[in-house]
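Novice: Chain residues, written in single-letter form:
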Amino acid sequence: MSDKSKPIVQMKNIEKHFGAVIALAGVSLDVFPGECHCLLGDNGAGKSTFIKALAGVHKPTKGEIIFEGKPMEFDRPRDAIAAGIATVYQDLAMIPLMSVSRNFFMGNEPIKKLGPIGFFDHETANRITMEEMGKMGISLRGPDQAVGTLSGGERQTVAIARAVHFGAKVLILDEPTSALGVRQTANVLATVDKVRKQGIAVVLITHNVRHAMAVGDRFTVLNRGQTLGTAERGNITPEELQDMMAGGAELATLEGSLGGTV
Amino acid sequence: MSDTPTNPPDDERIIARSRFREALIRPELGGIAGIILVFFFFLLTAADSGMFGPAGVMNWSIVSAQFAIIAVGACLLMIAGEFDLSVGSMIGFAGIIIAILSVQMGWPMWMAIITTFVLCTALGAVNGWLVIKTGLPSFIVTLAFLYILRGLTIFAAIATTRKTIIGGVRDVAEGDWLAAIFGGKILTGFFQWMGDTGLIEVFERGTRKGQPVVDGIPMLIVWALVLIVFGHILLTRTRFGNWIFASGGDAQSARYTGVPVNRVKILMFMFTAFCATVFATCQVMEFGSAGADRGLLKEFEAIISVVIGGALLTGGYGSVIGAALGALIFGVVQQGLFFAGVESSLFRVFLGVILLLAVILNTYIRRMITGEK
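Note that the protein sequences, when read in sequence, are chains A and B. For the first sequence, this note's numbering gives the first residue as 6, with consecutive numbering after it. For the second sequence, this note's numbering gives the first residue as 1293, with consecutive numbering after it.
Chain A with its partners taken away, still in its complex shape (with noise of 0.2 Å):
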């Protein structure tokens, strides 16, 4: 397991341009092996941009990503899974056609070499798929299930164990809860916290703070493309935190309106 006392992932000073717009002004981010860095910012903010460029999906036009002491220039993002940082985005990379074991294995499928024909290894796939889904609590059918059967949740936890399986060492999550229930939100979140105990860093990306506040650790508030703080556990509270999130005065009026129900 990596050292918990020196960020496994710092970026620093980050900026990108999409021609005349500005979408990042600066923005820095330490990441600790085993804690969730919750990442907060409304629409727009720049949250997307911000772990893309971490992703490699975009190059930063200014700024430095250090990745385990070193400092690291991702091209595509093969560069990135390559060296440990796990992206699970909204749309999962899932095919709810194929199977969970046949989904778990895409693009890393077990090779049993007959000769020189190295063929699909079925029952090392379905093995570990049924054993990595039981750790994180999802009981399947079978590993033949398709993943068109499982709930938006399950799917979550799915691509989550899948890229703790092929040796994520920071996981980042887009919006993992946008489109759930209350249950399964739940259940994502436990499974969060479960990997986080694992020593691997997680980035969760969320605008909503009752989530951020039950399983981050620290809390980065992303607004108009700049940092606007981070904050540890314990020392903001829920309000704080939606209120640097809308950028303050306006969503005082707001509230004021609504009688504080936002």
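Everything labelled a hint here was simulated from the structure, so no lab data went into it.
Ranges between beta-carbon positions, derived for each pair:
| no. | chain 1 | residue 1 | chain 2 | residue 2 | range |
| --- | --- | --- | --- | --- | --- |
| 1 | B | T1655 | A | R83 | 33 to 39 Å |
| 2 | B | V1651 | A | E244 | 52 to 58 Å |
| 3 | A | D84 | B | A1436 | 33 to 39 Å |
| 4 | A | I116 | B | V1651 | 32 to 38 Å |
| 5 | B | F1344 | A | G172 | 58 to 64 Å |
| 6 | B | I1525 | A | K17 | 49 to 55 Å |
| 7 | B | A1436 | A | I116 | 34 to 40 Å |
| 8 | A | D96 | B | T1655 | 19 to 25 Å |
A short, non-exhaustive set of chain A residues, derived as facing chain B with CB atoms under 7 Å:
| no. | residue |
| --- | --- |
| 9 | L102 |
| 10 | M103 |
| 11 | R107 |
| 12 | M111 |
| 13 | G112 |
| 14 | E114 |
| 15 | F124 |
It should be emphasised that the depicted structure is a prediction, and the values quoted were computed from it without experimental measurement. Quick reminder that beta carbons are idealized off the backbone N, C-alpha and C, glycines included.
Given chain A, put chain B in place with the hints provided.
Specialist: Quick look at chain B alone, frame taken from chain A:
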């Protein structure tokens, strides 16, 4: 799997489903049901017509094998999420190229065949490359090739021979090792033995007196079986097979997980072209001639076989065995209506009805698999 370490309690809302029902939910179901239906129908209506005698069986087996050869390619391509409408034109093109190279230009037959295979799979790659690079639907790109290749075929035939049919292939193919792999027959000794011992009928008179009515298994059928087995193993038992499913199921998701989607799709276009060339070569060797109009409508017959076999038109789901069953249904019905003495124009009506039933059944099965119903 009963040895799962921490198995959470079963969800009480999941109704236990019988193994029987589970076994039904598979792509081949439509094909199996169709086979039973079709054989039942012809056993009732055409049993005494010789359809199920040795010569009759060989008759519809050859026709089915023809469909199966192109269906295997179309099946893998469809599962990978693409169509190829240029299969029929490719068949005509490949045949004419073989004939021009061997008969007109005097090349040895093996060299003509190998050159044609290289040329046609390269054209398949061009199809695939255009689809990937332009991002256009393969339907449109290959529709263009349907016309381009057919036009080129007729032009090439007319320009070199002033005819659209080039004969004389049999003379050049005589004794050629590679031509025998496409046009020969195997197990001829075994069939002669069966004829001699009276297991199958022999000709009573004429130049072939004493020879069995079926004198061997044509290489066409061997090719069909080899391609079916190859395609089935490739799809279900290899890593590449998983990539085929993934590319057709959701190309973007597949790319995220590192599947080389473009390579998979282009290779499947090449394989489809390869299958079309196998079909064309077998046909040219059998007829001893090549015709510029050969292979007309074959692309649709291949697609129908694949769809009857349970593949989804939208990709990501299907079975090579199913496609082979679809081809068998196709062949049996086409030849069976002839044996049963039914007006042959009704064949198309029958085909349309089967296609419609197959698609409805497939949609239903897909909904069961993805839990929508």
